[in-house]
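Once you have looked at the hints, place chain B on chain A.
There are 2 protein chains.
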Amino acid sequence: MFVPIDKGSITSVKGIKAAGIHAGLKRKRKDLALIVSDTPASVSGTFTLNKVQAAPLQISKKIINRGNKIRAILINSGNANACTGETGYKDALEMQKLCAQKLNMDTNEVIISSTGVIGEYLPMDILKNGIETIVNKVSPDGGVDAAKAIMTTDTKAKHCAYKIRLKEGEVTLGGIAKGSGMIMPNMATMLAFIATDAEIGNKVLRKMLLDSVGNSFNKISVDGDTSTNDMVVMMANGVSGVKITEGSENEKIFSEALQQMTVQMAKEIVKDGEGATKLIELNVIGGKSEDDVNKIAETIANSPLFKTAIYGSDPNWGRIIAAVGRSGVNINPAKIEIMFDDVVILGRDYTHDFDEEEATAVLSKKEISITVNLNEGKASTTWWTCDFTEKYIEINASYRT
Amino acid sequence: MFVPIDKGSITSVKGIKAAGIHAGLKRKRKDLALIVSDTPASVSGTFTLNKVQAAPLQISKKIINRGNKIRAILINSGNANACTGETGYKDALEMQKLCAQKLNMDTNEVIISSTGVIGEYLPMDILKNGIETIVNKVSPDGGVDAAKAIMTTDTKAKHCAYKIRLKEGEVTLGGIAKGSGMIMPNMATMLAFIATDAEIGNKVLRKMLLDSVGNSFNKISVDGDTSTNDMVVMMANGVSGVKITEGSENEKIFSEALQQMTVQMAKEIVKDGEGATKLIELNVIGGKSEDDVNKIAETIANSPLFKTAIYGSDPNWGRIIAAVGRSGVNINPAKIEIMFDDVVILGRDYTHDFDEEEATAVLSKKEISITVNLNEGKASTTWWTCDFTEKYIEINASYRT
Numbered sequence: 001m002f003v004p005i006d007k008g009s010i011t012s013v014k015g016i017k018a019a020g021i022h023a024g025l026k027r028k029r030k031d032l033a034l035i036v037s038d039t040p041a042s043v044s045g046t047f048t049l050n051k052v053q054a055a056p057l058q059i060s061k062k063i064i065n066r067g068n069k070i071r072a073i074l075i076n077s078g079n080a081n082a083c084t085g086e087t088g089y090k091d092a093l094e095m096q097k098l099c100a101q102k103l104n105m106d107t108n109e110v111i112i113s114s115t116g117v118i119g120e121y122l123p124m125d126i127l128k129n130g131i132e133t134i135v136n137k138v139s140p141d142g143g144v145d146a147a148k149a150i151m152t153t154d155t156k157a158k159h160c161a162y163k164i165r166l167k168e169g170e171v172t173l174g175g176i177a178k179g180s181g182m183i184m185p186n187m188a189t190m191l192a193f194i195a196t197d198a199e200i201g202n203k204v205l206r207k208m209l210l211d212s213v214g215n216s217f218n219k220i221s222v223d224g225d226t227s228t229n230d231m232v233v234m235m236a237n238g239v240s241g242v243k244i245t246e247g248s249e250n251e252k253i254f255s256e257a258l259q260q261m262t263v264q265m266a267k268e269i270v271k272d273g274e275g276a277t278k279l280i281e282l283n284v285i286g287g288k289s290e291d292d293v294n295k296i297a298e299t300i301a302n303s304p305l306f307k308t309a310i311y312g313s314d315p316n317w318g319r320i321i322a323a324v325g326r327s328g329v330n331i332n333p334a335k336i337e338i339m340f341d342d343v344v345i346l347g348r349d350y351t352h353d354f355d356e357e358e359a360t361a362v363l364s365k366k367e368i369s370i371t372v373n374l375n376e377g378k379a380s381t382t383w384w385t386c387d388f389t390e391k392y393i394e395i396n397a398s399y400r401t
Numbered sequence: 001m002f003v004p005i006d007k008g009s010i011t012s013v014k015g016i017k018a019a020g021i022h023a024g025l026k027r028k029r030k031d032l033a034l035i036v037s038d039t040p041a042s043v044s045g046t047f048t049l050n051k052v053q054a055a056p057l058q059i060s061k062k063i064i065n066r067g068n069k070i071r072a073i074l075i076n077s078g079n080a081n082a083c084t085g086e087t088g089y090k091d092a093l094e095m096q097k098l099c100a101q102k103l104n105m106d107t108n109e110v111i112i113s114s115t116g117v118i119g120e121y122l123p124m125d126i127l128k129n130g131i132e133t134i135v136n137k138v139s140p141d142g143g144v145d146a147a148k149a150i151m152t153t154d155t156k157a158k159h160c161a162y163k164i165r166l167k168e169g170e171v172t173l174g175g176i177a178k179g180s181g182m183i184m185p186n187m188a189t190m191l192a193f194i195a196t197d198a199e200i201g202n203k204v205l206r207k208m209l210l211d212s213v214g215n216s217f218n219k220i221s222v223d224g225d226t227s228t229n230d231m232v233v234m235m236a237n238g239v240s241g242v243k244i245t246e247g248s249e250n251e252k253i254f255s256e257a258l259q260q261m262t263v264q265m266a267k268e269i270v271k272d273g274e275g276a277t278k279l280i281e282l283n284v285i286g287g288k289s290e291d292d293v294n295k296i297a298e299t300i301a302n303s304p305l306f307k308t309a310i311y312g313s314d315p316n317w318g319r320i321i322a323a324v325g326r327s328g329v330n331i332n333p334a335k336i337e338i339m340f341d342d343v344v345i346l347g348r349d350y351t352h353d354f355d356e357e358e359a360t361a362v363l364s365k366k367e368i369s370i371t372v373n374l375n376e377g378k379a380s381t382t383w384w385t386c387d388f389t390e391k392y393i394e395i396n397a398s399y400r401t
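Protein chains in written order, with this note's numbering: chain A, 1 to 401; chain B, 1 to 401.
What the hints contain is simulated information worked out from the structure, not anything from laboratory work. No false leads were slipped in.
Pairs of lysine-lysine, DSSO-like flavour, derived with a Cα cap of 30 Å:
id, chain 1, residue 1, chain 2, residue 2
1, B, 391, A, 295
2, A, 69, A, 51
3, A, 295, B, 288
4, B, 295, A, 61
5, A, 288, B, 61
Stretch by stretch, here's where chain A covers chain B in the computed footprint (C-beta under 8 Å, at least three residues):
id, segment
6, 47–59
7, 76–85
8, 110–124
9, 308–316
10, 387–394
C-beta: ideal position from N, C-alpha, C; glycine also.
The following block holds chain A by itself, in its conformation from the complex:
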């Protein structure tokens, strides 16, 4: 019903143009991205839960919550415009206004977003020149450039797209994302911009986005830190002429595709986690409630001791069970079973007669599936995390200076 598009991105979607350029906020790399929809698009979004919220995020959140259609998203990297007070807020409004003027749009049709260092003012001259340049560069092939321009410590651009076949015709879903460090549930330092040419009303769009974000971006962790700037924004411009209405078969299929796409982007973020060498899929099953399994998964996914053991390919299940124990969830440790891929590492009553070599072989892979069965009930969840390496320390001990 839906298939990935090779090298797809947000501009795989009909009526979406984009560009990514080097404006001068970073020394050499691209640092300014613009996404434009030919027609006004329904929009929905989710935002950081951090109490400290960057100026551009505050402005974009207001627009999105108002429920009006939008036509463009402008994103800069290299500077988060967070903790910049009134000056920062004015700069963000100015950035939005300049972009809207150059695109002949209403200010409230432009969403803005920033990512990078906290606490420094935006260099407005550089940004102004950048905006003047980028508005003339948007094209139906610019999605990958836009993906590159929103990167900070990312080592790979993150973009993908799907073709979805519905009864009434074909629609496309595409997106770009960034995120590498400061990754933690509930919108960490990560940005994702998604578009579709399906026609979707605000209410359904919001429902589908929240569902898919809840099971993708909100279940990943690199280091447990949450940023001040994170957002996922999704536009639906209706250019395909195909409608997705509430409760329809279309909604079901579209939601599945959206879920698959957001999980794919979430996994790419974790895989590209600062210093990460391994992607860990963490399944916590057999819990009494959703809340229980998610609390446990979050605790394991954020445990430095667990993450360093995986880095060292050490089947140290003691650290997993210790993390389960401190999660605050009432469990019976003697009932817990742990598997690495299909190798049983720990059975009930703490039995562990696994083959060390076999276990180490699984842990030496680039992608590992770890399953923790609580044997208490039927709730389950899947999270994604990465290992913790010297490289993470190196990157973060020297990021700003």
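This is chain B only, laid out in the frame that chain A set:
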């Protein structure tokens, strides 16, 4: 009123003997410690909040909660006897019984404790031989050896003692401690054994211990992980003949000394944190409530991004403010002020015109005081944490194997 004793330890206390030997649980280093009181001692203790609790901890907790006097504490390192099921529980009982027999004590007069790898059975033959040896080795000079024998990844033995002058005479307070990784509030992988020759009833002993632990061991963090074996146990054997009663001037002075000693041991643990190169004293002041300031301090103390910035001597206050923001406490970020020692890094309304060189100079020191003023109220707290380095990763990627 109280003074530290040079090279003091738990055996600086009258009527307390101890020893530390190599029994063979570890390859070369000391791994078995025994502390004996000449006379039965009142006892109190605090224990890990991890739901997974090691067998020796379960046994010792029961004895201590019963409120009877005890006469000895036997501790092994190299093996935590945690997640070892019924066998582990039987082994722990056996370890306790053997020790009591050799010392001619009642089984319930002996507290036991283990620290080390999780999930492996105790080598009972080695332990049995060790117990037979150690019971004949206890001496009034054995405190430092005992401190050495409870070390795991610690690089330094932790021990101290104080002489306290009271109206009725002099009493002594001494202790040993261990802990390096898996350090997190509420009893992480840390053990502390404290003794005094003052005469103290259970109720006052418990109150004083909880107060001092609450402001010392429960306010430190190395990596946010909590272990299955942690405990702080305090004995009062009354050998000095000086009584500490509830509400007395003696209680006040003694409490102060106990607080100072536990803070000293807590700081030594953080300073010796796995891979740590810097000790950070973190003051969160100006909060609306105790709960608020402690939540914020805990979040900052556990943030890998904060801890790596300190390692890199990078005055990246953005990471501190981002941690404050995600702590869940309602704050106004524009009111926050941050100081590194006496250098103002961030003023109200995000002003930050500090001298980079001066800030970097402070952060290059081995001991740094960081103060975060919320400017919201009068509550304050002090926590201790350390920086996060490549060495932490190295130690923990290869600990077990």
